[in-house]
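Protein chains: 2
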Amino acid sequence: MDAFSIREAVPGDEGAILGFIRELAEYEKLLDDVVATEADLNQALFEEGAVAYSLIAEVDGLPVAFALYFFNFSTFAGRKGIYLEDVYVKPEYRGKGIVSALLRKLAQIAVAEECARFEWSALDWNQPAIDVYTGIGAKPMDEWTVFRLDGEALRKFAEFGKS
Amino acid sequence: MDAFSIREAVPGDEGAILGFIRELAEYEKLLDDVVATEADLNQALFEEGAVAYSLIAEVDGLPVAFALYFFNFSTFAGRKGIYLEDVYVKPEYRGKGIVSALLRKLAQIAVAEECARFEWSALDWNQPAIDVYTGIGAKPMDEWTVFRLDGEALRKFAEFGKS
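Those protein sequence lines, which keep their order, are chains A and B.
Read in order, the letters of the first sequence are residues 480 to 642 in this note's numbering.
Read in order, the letters of the second sequence are residues 480 to 642 in this note's numbering.
Just chain A, with the same shape it has in the complex (with noise of 0.2 Å):
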């Protein structure tokens, strides 16, 4: 099969992006979730003020893959690192070693940017993805769990103190 080159997202790739991401949603089970427009990328990835980033995979001009990215910070090491939000890749393209490319790319990015660290989350049961991930050397948080206060709760603890 074809070659693929990875390169950055540039604007007008906000179409293509927001394709993976309800892609991405629907194998997550979470489709009814994505509310994201065109607008809403284009403001985060290329305007003033962008606070994420986004590499793009193609195969003869054509995206097939994306990953998004954005800068988080450690306060024990006192430097920033690259959380990867989404990766993805279009299944008809998947097993050449795409996503692979994708997370060195990152881990490049992050290295150029003396970051830190490089980190990602996985669905507990998205098993050939972890495969993936443990097979490059990055170590599972088992004893974090993430916390999250969103719509109504966010609303109401905003408010009142209590959701």
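Heads up, a few of these hints could be off.
Since copy identity is lost for identical chains, a pair holds within one copy or between any two.
Claimed, not checked - Here are the simulated DSBU-like pairs of lysine-lysine, each with C-alpha atoms no more than 30 Å apart in a straight line:
id	residue 1	residue 2
1	K508	K618
2	K508	K575
3	K584	K569
4	K618	K584
The hints are simulated quantities; they were obtained by calculation from the structure and are not laboratory data.
Because the structure is a prediction, the values reported are computed rather than measured.
Position chain B relative to chain A; hints supplied.
Quick look at chain B alone, frame taken from chain A:
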């Protein structure tokens, strides 16, 4: 006991913040991992291109607690969120509601900045903290595990494609 007040961190607070980070690391049995310096914190919090933000709680003008956060990004929401990296109250000032007040202030910032969500992590054995978090309506994201690549493993993967 004395009342407390909450304010944004300003240049000059980096010494107090580093002290809090070290005390927190000691509580988490991770003090050896702290290599951050005051200069690192000054750059991350107060210089051009700051990547993190901090709130300070004071009693009688003395810093007794802090919360340090950054903005992450939800691809599904298409909006940024707040991620609380650290929150810590000096032992002698606990039980006064300072953690809840810091969390509430962050929830208010999240709402004001139109964030999709407000998140943070807890160690699974830190039941007192978990009780506070579930008490304010936060959901544990039990089905997700964070993976981390850092140190020599990160450098090797960036260079050779494996660690």
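Taking the hints in turn, this is what the structure says about them:
no.	hint	in the structure
1	K508 <-> K618	both (25 Å within a copy, 18 Å between copies)
2	K508 <-> K575	within (24 Å within a copy, 42 Å between copies)
3	K584 <-> K569	within (19 Å within a copy, 41 Å between copies)
4	K618 <-> K584	within (18 Å within a copy, 33 Å between copies)
In this structure, none of the earlier numbered hints is contradicted; all agree with it.
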